[in-house]
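One letter stands for each residue in the lines below.
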Amino acid sequence: MGDATRSTALVALFIGIAAIAGGYAAAFISGGTPVWAAWLLALGIRVSLAAIMILGAARGRRGIGPLKLPFAFVALVLVIGFGAALALPATEGPLSTLWLGLPARAAIVIYGVGLLPIVVLPIAYALTFETQTLSAEDVERVRALARENQAAIESGATEPMDNQRRG
Amino acid sequence: MIQTASVSALLQVALPNAVRPAVVAVGILYFAVVLGISVWAARRTRTARDFFVAGKGIGLVALTVASVSVSVSGFAFIGGPGFIYAVGLGAMYIVLPAAVTNVMGAWVLAKRMRLLGEARSLITIPDAIGVRYRSRAAQGLSAVAILVGIVGYMATNALAMGVVINSIFGVGLGWGIWIGMGVTLAYSASGGILAGIYNDVFQGTLMALASVLVFIFVLQFGGGLGEISRTILAHDPAFLGPWGKLTPLAALSFFFVFSMGSLGQPQAVHKYYMLRDPLQLKWYPLLKTLGLVLVLLLYFSVGVGVKAFVLSGRLAPLASPDQATPALLLSVTPIILAALVFSGVAAATMSAANSFINIGAAVVTHDLPVAFGRRVKNELRWGRTVTVLIAIAAAITAQRSGTMVAFLGIFGWGLFASTLVPALAVGLNWQGATRAGAMASIATGLIVTLALETVAYWKVFTFPAGVTASAVAMVSSFLVFFVVSWLTRRNAPTEIDPDVRLVMEL
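Chains A and B, in that order, give the protein sequences.
Just so we're aligned, residue 1 is where the first sequence starts under the numbering used here, counting upward by one.
Just so we're aligned, residue 168 is where the second sequence starts under the numbering used here, counting upward by one.
No lab work stands behind these hints, which were simulated from the structure alone.
Wrong hints could be hidden among the right ones.
Distance ranges between label pairs, derived from CB positions [unchecked claim]:
# : chain 1 : residue 1 : chain 2 : residue 2 : range
1 : B       : A610      : A       : G60       : 30 to 36 Å
2 : A       : E140      : B       : A618      : 43 to 49 Å
3 : B       : P188      : A       : A25       : 30 to 36 Å
Virtual Cβ for every residue (Gly too), placed ideally from N, Cα, C.
Just chain A, same shape as in the assembly:
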């Protein structure tokens, strides 16, 4: 399950980057950048950012566990934010309705893409920190292995590696 999550995230990351590459390549087509190039870039950015976050957050057999919801929410925010900016007609003018002081399309991007993830992701990170990211036991496992390695080096059983010589 855990490996499956990471493998899927890696494939998604590759696809996302390939989509971004496709978007840029399309800009070189003679006759101007096609409209779909921006859509490809928006899709690639969304997929690659979500994929690399999942790759970092996946934890053994647990995968991303309860982080599915916040990740899905942020992916949705990016879909709606970039999608609305690309798809909605430009109607900004003196009589535009303002949302929290900005015209609708700008408000969706600034408040949606720029602020909503702040409310969700760092809180989700903190709330799942011990179960999903790092516990005191994890730290102790790493320290114990470091002590074993150091003892092996000091007893002459192992050659020190470059980054184990420093005190």
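Position chain B relative to chain A; hints supplied.
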């Protein structure tokens, strides 16, 4: 790009006589606090580990504020608002990624780098690449890439400091460069990263304070964001479109480079080693994101506010977009607020310069010798010596090379992103990544960035609208990393030490 815009704006600033005493007084007070912190830190710096990663570590709040401080430069105060003034809300795509980059960095890098520091006492980014791939060559290659990026950043920061100090004290650009670099050098060489961190705490606090106060002032002066928007919509509705006056491809390109690219910025990533207790990472992304939002309030409010004030005739038309912040400060804000922001700009440039000096010194005294299988015997003494040499070289480059400084400043962010993100950020989370893949990716990022930025700068080739050298280099580096790792995948299982594997699996 970032520092250069700030510099060009401030080059045109001449403080009115009525404002100068207050600005000079705040400036002197600012430098006095910086020196006081430096003397305190110098007394606590006794080993190379103290010098490069602050010894036993830094507490959560101090590290967070320091990290915010080095993450923004003078661009957030001068060039950024000018960019919004010129192209509208499209310029926001440079800072919008801040909503996800800090927590993304925490998931992808922070835990693993902090635990690698625990397992191997690592002190640099190339150290992490070296142990991940069990490769001195990969460590050396990433060190070279960082050094090339630092040359650009340092020269532009030196020039920016000179310009700010000249604006405050009127000592001339040359003396401004040497005074600014001298003060930064004094605390970098004596107190190393410890002095840097606590000066960053002071400087970050100053920047946040200045930013919040300017934000409040602009909203009050403009009658609220709604009134400001109405004024702009009446004259220039495209300014408040979701892409501003940029093409969607250009705006999204900024978002990609400044989001994914954040995972390769050594001045921010290096900080993960310094947290005293790894478990304190729990609140790090939240605190840092909130801190960044505060510091970036000025970026948005001045860019949009000044546009409305100029359109409504409350401010004279600007000579250039980069004049947005100086024009607002010198025309309508209270003097003390102008003084605070000028000190904030000085703080931003010094903070960035200190961080890059320290990272550059570590590359020269630690990573490059390791790459050649050697060790420097007294890393602390050599660290201080190289710190002095880097600072002097940066000051001379800033003073003598004219337009070349602007060129050097263009590619720092993109170079770090394209050379480090795949090998470091993906590599620490994918056991199938190979040494060959990492080295090919770093080399691709380095070569493609330098080649494309050079041809673009000298106008040998013009990219289509929305395509940047940084973005193309980062995408190329990613694809090469995946393809070469896949082609050499048989080697992957043998290239990871057991303790590194444990850190990657946690």
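So, going through the hints one by one against the coordinates:
With their beta carbons about 33 Å apart, A610(B) and G60(A) fall inside the hinted range of 30 to 36 Å. Against the hinted window of 43 to 49 Å, the Cβ-Cβ separation of E140(A) and A618(B) comes to about 48 Å, which satisfies the hint. A hinted range of 30 to 36 Å is violated for the C-beta pair P188(B) and A25(A), which are about 57 Å apart.
Violated hint for the displayed structure: number 3, the only one.
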